[in-house]
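Q: We have chain P; now place chain S onto it with these hints.
Taken in sequence, the protein lines are chains P and S. The first sequence begins at 63 in this note's numbering and counts up by one. The second sequence begins at 27 in this note's numbering and counts up by one.
Calculated directly from the structure, the hints in this document are not laboratory data. Treat the hints with care, as some may be off.
Simulated pairs of lysine-lysine, DSBU-like, Cα-Cα distance not exceeding 35 Å [to be verified]:
| id | chain 1 | residue 1 | chain 2 | residue 2 |
| --- | --- | --- | --- | --- |
| 1 | P | Lys115 | P | Lys316 |
| 2 | P | Lys169 | S | Lys84 |
| 3 | P | Lys160 | P | Lys216 |
| 4 | S | Lys206 | S | Lys123 |
| 5 | P | Lys115 | S | Lys123 |
| 6 | S | Lys206 | P | Lys307 |
| 7 | S | Lys84 | P | Lys160 |
| 8 | P | Lys316 | P | Lys297 |
| 9 | S | Lys82 | P | Lys158 |
| 10 | P | Lys115 | S | Lys206 |
| 11 | S | Lys206 | P | Lys297 |
| 12 | P | Lys307 | P | Lys115 |
| 13 | P | Lys216 | P | Lys316 |
| 14 | P | Lys297 | P | Lys115 |
| 15 | S | Lys29 | S | Lys45 |
| 16 | P | Lys297 | P | Lys307 |
| 17 | P | Lys169 | P | Lys158 |
| 18 | P | Lys216 | P | Lys115 |
| 19 | P | Lys158 | S | Lys275 |
| 20 | S | Lys84 | P | Lys158 |
| 21 | S | Lys206 | S | Lys82 |
| 22 | S | Lys206 | P | Lys216 |
| 23 | P | Lys169 | S | Lys206 |
| 24 | S | Lys123 | P | Lys160 |
| 25 | S | Lys206 | P | Lys316 |
| 26 | S | Lys206 | S | Lys45 |
| 27 | S | Lys275 | S | Lys84 |
| 28 | P | Lys169 | S | Lys123 |
| 29 | P | Lys216 | P | Lys297 |
| 30 | P | Lys158 | P | Lys316 |
| 31 | P | Lys160 | S | Lys275 |
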Amino acid sequence: MAPEDTVLVWPHLVYIELICILFGVALILFLSLISPAPLEELASADTTPNPTKAPWYFLGLQELLVYFDPWLAGVVLPTMIIIGLVLIPYIDPNPKGKGYYTFSERKFSIMGFSFGLALWYILIIVGVWFRGLDWSWYWPWDDPHMHQPAGAVKLVDLEVILTSVLGLSESPLVTLGRYAVTMANLITWAFFLGYYAIGFSLPFLFLRNFYRRLGFVRYNLVMFLFLSMMGVPLKIFLRLLADIKYVLVTPWFKI
Amino acid sequence: MLKLLERVLAVARTTQVWKSIFRHGFPSTDGNRALVMFSNVILHLHPVRVRRGALKIKFTWCLGGLTFLFFILLAISGVFLMFYYVPDTRQAYSNMKDLGTVIYFGSLFRAVHRWSAHAMVFSVWMHMTRVFMTGSYKPPREFNWVVGVILLAITLVLSWTGYLLPWDQLALWAVTVGAKMAEASPMLGSSGPFGPELGMTSSNDVAFVLLGGTVVGQSALLRFYVLHCLALPLVTALFIAVHFWRIRKDGFSGPL
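Excised from the complex, chain P in its bound form (with noise of 0.2 Å):
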């Protein structure tokens, strides 16, 4: 490292950092005399407020909870981003890249990236701008103070849409303790699994130069994590569309 390239960071660096730090307080300080901290009626169990928020960036989570069960949306998938951004530097070994901004060198880690935060961003946004009362769907020129009409739409798992379709017998095949599996059911495992078995066939067949980049054990966590991704959209979609509660129902879970 040539003398000539680098500078003393005493005064040219402690400089930018005194400015940052004025505006930092500014901001904060300017905000705090606009804006001060809101205080509602005194705590009580008795009184149910109506919707009931959580802090605004635990929103995304609890709209989830629209899309899936609360093991899932407040437990599993938090748990599955945490871990997920932990591997982000052991799974990505691609070399390129490093300390400057580039798209074109690693196109595929920065789309699936931008994919899951635009996906949180969104999910936050609707909770604390489109939700209302019974955390019902709220247009901002709708009147925030009177309940929506209660939906036509009745929801319907995945299984039960199945036995109807295709005339499927609703007796159990086997009977596993609680859990009296029938053929509907099957088929839903077979779909739940078979989007997996399926996301984890097409690039490793059709990818292989991904594949060998990756190598067996970083594309097996890649894949995991992608299409698990990849499945919160999915769910919320077949909900939406095609008015689906569970995919996959077992007296344990349902997804």
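A: What follows is chain S alone, placed relative to chain P:
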């Protein structure tokens, strides 16, 4: 007048007291500018020299530094608020009212604490996005990214625990939403998948540990208070130290 001040300062700099505090002259020469980086505990997080390109605002947007600034603001305003706050369900809410009505600058400090918290969550996200987009997590900086993710998680939990303390409706029910989710944890929660099968009930599962009870009440308030004001800030400070140390040792990924 100015001349007099300069002469007083010149004399002061020769005294034993001054020399015991400052090990270098005023950083107006290159030598002293280097010495100040060695001898000042806060400044020594910096190297003496940096690459010219690393100073580009459009590379870092100062987001990591701003996050740290918000953390400092939170610590300062938080200590002020602690003087006036008792984590007791019978007192907490009226303490908050007092902060807004009878305590000098109480409302301002509360607002600063709240806005800094929002700003910190946001700047952590932005900082991570920037680090991802510039590929700065790539070797040899993988582990520092992991430390960063841990700091992100702690930041969120810190904000969430702070949410309960005002003990108003917003606080109680926002935390109730979170506690309900904990109750639904697979295997660890009483209403989660395989929870009941593994012997989880509402009085021994993970939500019970978090709240110190089955509802958001006095025990929950005390737990959240201790986590928010003591345990989590200490853990955060520790990880921030590791985070900065690593940046210093691994060097800046910045433009070459």
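Q: With a cut-off of 35 Å on the C-alpha distance, tell me whether Lys160(P) and Lys275(S) pass.
A: 17 Å, holds
Q: Lys158(P) and Lys275(S): Cα distance at most 35 Å?
A: Holds - the C-alpha atoms of Lys275(S) and Lys158(P) are around 22 Å apart, at most 35 Å.
Q: When you check the alpha-carbon spacing of Lys307(P) and Lys115(P), does it fall within 35 Å?
A: 23 Å, holds
Q: What's the verdict on Lys115(P) and Lys206(S), does the C-alpha distance respect the 35 Å limit or exceed it?
A: OK: Lys115(P) and Lys206(S) at ~13 Å, within 35 Å.
Q: Is Lys84(S) within 35 Å of Lys160(P), Cα to Cα?
A: 16 Å, holds
Q: Going straight from one Cα to the other, do Lys115(P) and Lys316(P) come out at no more than 35 Å?
A: 24 Å, holds
Q: Is the Cα-Cα distance between Lys275(S) and Lys84(S) 35 Å or less?
A: Between Lys275(S) and Lys84(S) the Cα gap is close to 23 Å, so the pair holds against 35 Å.
Q: Below or equal to 35 Å on CA atoms is what counts here, so check Lys158(P) against Lys316(P).
A: 42 Å, violated
Q: Taking 35 Å as the top limit, are the C-alpha atoms of Lys84(S) and Lys158(P) close enough?
A: 20 Å, holds
Q: Holds or violated: Lys169(P) with Lys206(S), Cα cutoff 35 Å?
A: This hinted pair is violated, its Cα atoms lying about 39 Å apart.
Q: What's the verdict on Lys169(P) and Lys123(S), does the C-alpha distance respect the 35 Å limit or exceed it?
A: It is violated: about 53 Å lies between the C-alpha atoms, which goes past 35 Å.
Q: Just to be careful, I want the Cα atoms of Lys216(P) and Lys297(P) compared with a cutoff of 35 Å; is the pair within it?
A: 16 Å, holds
The earlier numbered hints that this structure contradicts are 3, 21, 23, 24, 26, 28 and 30.
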